[in-house]
Amino acid sequence: MSFRRAALMLAGAATVIATTFPQTVEVDVVFPRNETYAPSAVFPIVFAIQNPALAPSLDPGFQFELWQNIAHNNSLDLPNIDLGSTNFTNATGSVYVYTYALNINTTSNGADASTQYNLAWSFSAGNCSASSTDSTEASSFGGGFVFNNVIFTIAKEGGVAPSINTTDSSSCKDLSYLAFNLTGTLTVPDPAKQWDGHSSCAVFSDSTPNPASGNPCAATANASVAASILAGAKSSACAAATPAISCPAKSAAGTIVPMTGRMAGAWALLALAMAL
Numbered sequence: 001m002s003f004r005r006a007a008l009m010l011a012g013a014a015t016v017i018a019t020t021f022p023q024t025v026e027v028d029v030v031f032p033r034n035e036t037y038a039p040s041a042v043f044p045i046v047f048a049i050q051n052p053a054l055a056p057s058l059d060p061g062f063q064f065e066l067w068q069n070i071a072h073n074n075s076l077d078l079p080n081i082d083l084g085s086t087n088f089t090n091a092t093g094s095v096y097v098y099t100y101a102l103n104i105n106t107t108s109n110g111a112d113a114s115t116q117y118n119l120a121w122s123f124s125a126g127n128c129s130a131s132s133t134d135s136t137e138a139s140s141f142g143g144g145f146v147f148n149n150v151i152f153t154i155a156k157e158g159g160v161a162p163s164i165n166t167t168d169s170s171s172c173k174d175l176s177y178l179a180f181n182l183t184g185t186l187t188v189p190d191p192a193k194q195w196d197g198h199s200s201c202a203v204f205s206d207s208t209p210n211p212a213s214g215n216p217c218a219a220t221a222n223a224s225v226a227a228s229i230l231a232g233a234k235s236s237a238c239a240a241a242t243p244a245i246s247c248p249a250k251s252a253a254g255t256i257v258p259m260t261g262r263m264a265g266a267w268a269l270l271a272l273a274m275a276l
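According to my numbering, the sequence shown is numbered sequentially starting from 1.
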């Protein structure tokens, strides 16, 4: 299975480094929500990472599948999200990353009235403990994947167009999320032991490593963020050698006109800095 990467980071210009603990790092599904949507050529799947300055210490990673029908009888291929090249250093507020499904519809080639979908997603987070000889350095590592899911409906009639931004508290409070309680970070000076080059690793709370509640409403995307994500998803889809959606005509040089971000073959990475 081949994957393309699509990632969008929206952050302020100031650097925020957490110096006091405990701290919480939260991952939220901004879109989709438990709602009914109309069929869509480009259907975004958007995650937000809150407290992103501490995210690298988790060595974060995503796995997900989008199943057509809750019975899991058909899985849709999605571009992968690779956080390895995402720069969290200067991020404030939330960092948004996304992928997308193309030509999402109801079953029977769109003939059925409605179809439920299940976005089964997981987030990997590493945990470490202090060395017996140096309390500031890590000696043992653990962690793994934590799982969650979102169920939504695609309907031929009555569904709304995908809308990433929402300020409706009744919608955002039920967003799918995962959260991690950090009591500190430890240094990993030996490059051979570092996770993906990260020189620090997170220490989880022994009593409550995963908070019982989160704050997904703090991760909702505004209209500018939403527009950038949709534009980036469409641009990435149109960069394929044979796009599966209707795209602008290509220029003689073979690039997409207009083009958003920097495209390199089948890989796309978009970065936009703005104050949220």
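The set of hints was computed from the structure by calculation and includes no laboratory data. Some clues are possibly wrong.
To be verified - For each label pair, taking beta carbons as the anchor points, the in silico distance ranges come out as:
#1 247 with 142: 18 to 28 Å
#2 36 with 183: 40 to 50 Å
#3 213 with 21: 12 to 22 Å
#4 192 with 35: 42 to 52 Å
#5 129 with 250: 20 to 30 Å
#6 224 with 149: 50 to 60 Å
#7 192 with 20: 52 to 62 Å
#8 65 with 244: 43 to 53 Å
#9 142 with 240: 13 to 23 Å
#10 39 with 139: 34 to 44 Å
#11 132 with 245: 48 to 58 Å
#12 193 with 149: 31 to 41 Å
#13 89 with 36: 50 to 60 Å
Here the structure is a predicted model, which means the values were calculated and not measured. No residue lacks a Cβ here, since even glycine has one placed at the ideal position from N, Cα and C.
Requested in this report: Just pull the numbers of the violated hints for me, sorted ascending.
Outcome: 1, 5, 6, 7, 8, 9, 10, 13
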